[in-house]
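Visitor: Taken in sequence, the protein lines are chains A and B. Heads up: take any position in the first sequence, counting from 1, add 139, and you land on the numbering used here. Heads up: take any position in the second sequence, counting from 1, add 46, and you land on the numbering used here.
Some hints could be false.
[As the list claims (entries may be wrong)] Capping the alpha-carbon separation at 25 angstroms, the derived lysine-lysine pairs in BS3-like fashion look like this:
1) Lys441(A) with Lys79(B)
2) Lys167(A) with Lys149(A)
3) Lys243(A) with Lys79(B)
4) Lys441(A) with Lys243(A)
5) Lys167(A) with Lys368(A)
6) Lys329(A) with Lys375(A)
7) Lys126(B) with Lys99(B)
8) Lys225(A) with Lys248(A)
9) Lys99(B) with Lys437(A)
10) Lys167(A) with Lys248(A)
11) Lys371(A) with Lys329(A)
12) Lys167(A) with Lys243(A)
13) Lys183(B) with Lys132(B)
14) Lys126(B) with Lys243(A)
15) Lys243(A) with Lys225(A)
16) Lys360(A) with Lys371(A)
17) Lys243(A) with Lys216(A)
18) Lys360(A) with Lys375(A)
19) Lys99(B) with Lys132(B)
20) Lys132(B) with Lys511(A)
21) Lys437(A) with Lys132(B)
22) Lys79(B) with Lys99(B)
23) Lys511(A) with Lys126(B)
24) Lys437(A) with Lys149(A)
25) Lys441(A) with Lys99(B)
26) Lys437(A) with Lys79(B)
27) Lys126(B) with Lys375(A)
[To be verified] Some chain A residues flagged as far from chain B (calculated, every beta-carbon gap over 12 angstroms):
28) Arg158
29) Pro207
30) Ala215
31) Val242
32) Lys248
33) Phe323
34) Ala354
35) Glu382
36) His389
37) Ala455
38) Gln489
39) Leu498
40) Lys511
These are calculated hints, taken from the structure and not from any lab test. Quantities reported herein were computed from a predicted structural model and do not represent experimental measurements. No residue lacks a Cβ here, since even glycine has one placed at the ideal position from N, Cα and C.
Next come the chains, spelled out residue by residue.
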Amino acid sequence: MTQAIHIDIKNEDWLSGIRSFFTTVMEKAGIDAILIPTRLSVKNRIMPTLVSDPARLAEADPLSPAFPVNGAQQLAKLTRLPAGGKMAAVLRPCEIRAFNELVKLNQGKRDDVVIFGVDCPGALSNSDFRTFADQHETPDAATRAFCAAAFSSDPIHENLTLTSACRSCDHPTPDGADIAVALFGTDSTKGLTARAHTEMGETVLTGLDLPPAEAVPPQQKTVIAAMLKQRKQYRKQMFTAVEDATGSIHGLSTYLADCVNCYNCRVACPVCYCTTCVFTTDTFCHEPFQYLQWARRKGGVKMPTDTLFFHLTRMAHISTACVGCGQCTNACPNDIPLSDLFSFVAHHTQGAFGYGAGLDLSQQQPMCGFEKEEYGEVVGLN
Amino acid sequence: MDPFEPAIIAFVCNWCTYTAADLAGTSRLSYPKNIRLIRVMCTGMVDPQYVIKAFLEGADGVLISGCHPGDCHYINGNYKARRRVKLLKEILPRFGIDSRRLRLTWIGASDGIQFAGIMGDLVAQTRELGPALPDLKMVI
Ligand code: SF4
Ligand code: SF4
Ligand code: FES
Numbered sequence: 140m141t142q143a144i145h146i147d148i149k150n151e152d153w154l155s156g157i158r159s160f161f162t163t164v165m166e167k168a169g170i171d172a173i174l175i176p177t178r179l180s181v182k183n184r185i186m187p188t189l190v191s192d193p194a195r196l197a198e199a200d201p202l203s204p205a206f207p208v209n210g211a212q213q214l215a216k217l218t219r220l221p222a223g224g225k226m227a228a229v230l231r232p233c234e235i236r237a238f239n240e241l242v243k244l245n246q247g248k249r250d251d252v253v254i255f256g257v258d259c260p261g262a263l264s265n266s267d268f269r270t271f272a273d274q275h276e277t278p279d280a281a282t283r284a285f286c287a288a289a290f291s292s293d294p295i296h297e298n299l300t301l302t303s304a305c306r307s308c309d310h311p312t313p314d315g316a317d318i319a320v321a322l323f324g325t326d327s328t329k330g331l332t333a334r335a336h337t338e339m340g341e342t343v344l345t346g347l348d349l350p351p352a353e354a355v356p357p358q359q360k361t362v363i364a365a366m367l368k369q370r371k372q373y374r375k376q377m378f379t380a381v382e383d384a385t386g387s388i389h390g391l392s393t394y395l396a397d398c399v400n401c402y403n404c405r406v407a408c409p410v411c412y413c414t415t416c417v418f419t420t421d422t423f424c425h426e427p428f429q430y431l432q433w434a435r436r437k438g439g440v441k442m443p444t445d446t447l448f449f450h451l452t453r454m455a456h457i458s459t460a461c462v463g464c465g466q467c468t469n470a471c472p473n474d475i476p477l478s479d480l481f482s483f484v485a486h487h488t489q490g491a492f493g494y495g496a497g498l499d500l501s502q503q504q505p506m507c508g509f510e511k512e513e514y515g516e517v518v519g520l521n
Numbered sequence: 047m048d049p050f051e052p053a054i055i056a057f058v059c060n061w062c063t064y065t066a067a068d069l070a071g072t073s074r075l076s077y078p079k080n081i082r083l084i085r086v087m088c089t090g091m092v093d094p095q096y097v098i099k100a101f102l103e104g105a106d107g108v109l110i111s112g113c114h115p116g117d118c119h120y121i122n123g124n125y126k127a128r129r130r131v132k133l134l135k136e137i138l139p140r141f142g143i144d145s146r147r148l149r150l151t152w153i154g155a156s157d158g159i160q161f162a163g164i165m166g167d168l169v170a171q172t173r174e175l176g177p178a179l180p181d182l183k184m185v186i
């Protein structure tokens, strides 16, 4: 069995090398279709695309800083029932983590899909990506410029406004993938390495007929360690800022004051998976007299109502599954830094249960189980 | 000025704590009128959002109370409730809602006397804590 293979790179051109690697994967591993970030034929915009014709991989771009949606939601659509074909998917680390959470919730399956992960230097918000992409002559040039900056010795480059979710992400390597492509600390003149993390991954790599991987570049560990240090520092500052701003209901309301209850954040969140969210049901279709009663009791009631109620409920329902992908912030039309808040809450709720969202498929979700003897401290009046 | 009278919402399970409340009543035991009982079939059906809503509408305290471990009539609803209380106690205090305002107790069907005693203690404790949200205008 092959553990790791070498991906050939010519002229320091990672993008072409990666494209031909996935072409080989499709052709030699019997993959019928691959879900991969791909350019739209109409514009330099990138969306996860289920590609069945290997020729279309010429437009694939898994190295771009575009992160329009969390692909875990899309992969769940493809795997919740047998699709009648063998599939692969190329995901960012936080998309893999989100997908693992969905798998635990029976919303998708890993059995019939080979998941490829690529080291992730971070992404841009949708609006920043549009500006960035439009500054470059060609889409390839945009991605190359991004990679040159993002994988330089100073990974958080001044000219790159990576999202705060990415700057604070402490799991930027795709450890949960079947096959992981390493980019951090790689010498761009040499080739890349794809390494299997699962049996399925080994089987696929074995069938590719590619040369075995070369030695791990000596600087890889130090590059990752330096990046993690920077990220953790940012994360700490971000949490302190959220904590200072939201220490009371007054503070939390202030933080969320621009919210218009559009629920885009919920739609964009990969782990908010209920097909019918209670907030869009008749439960919240209050009778007119109810509003009047609230207004009378409180002297006035802001409309739409229940903004804080929505966000606190979402924290209770999904913070233990939050993977910190930042898509809630990305989706908010009113620029509320939601993922800073949700990551902060998630850090504490997951910490309380010794849980890490998406990291270990075999770890049970905190709200899906119990022990007979536990958490005695929350019982009683003391 | 009148002393502060806390409003406490209590979600009590039909089979144990509600029955205990009933027993307290038929035994002519009194307990403070600050408690508003909401009967649910089991503590396992108390979604965290019920608790959140109660606080946002001005409750000064919330109690969830059901059968003792091993006695839940739906086998394990109270264990699930315990995890949810643990979860809420991680979330709500970060936004200024004191952990002591959310309580979970096990009060069995025959514990009428205990029921009245615990309600008295709960009201006294919550009164000490003062109002949870001094101004509901803060809730958007
Ligand atoms: S709450 Fe936000 S950061 Fe967390 S998983 Fe959902 S979209 Fe991603
Ligand atoms: S996306 Fe923004 S405005 Fe819409 S519900 Fe979420 S926080 Fe509110
Ligand atoms: S029936 Fe009483 S707690 Fe479940």
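Visitor: Any hints this thing doesn't respect? Which numbers, in order?
Guide: 1, 3, 4, 5, 6, 11, 12, 13, 21, 24, 27, 35, 36, 37, 38, 40
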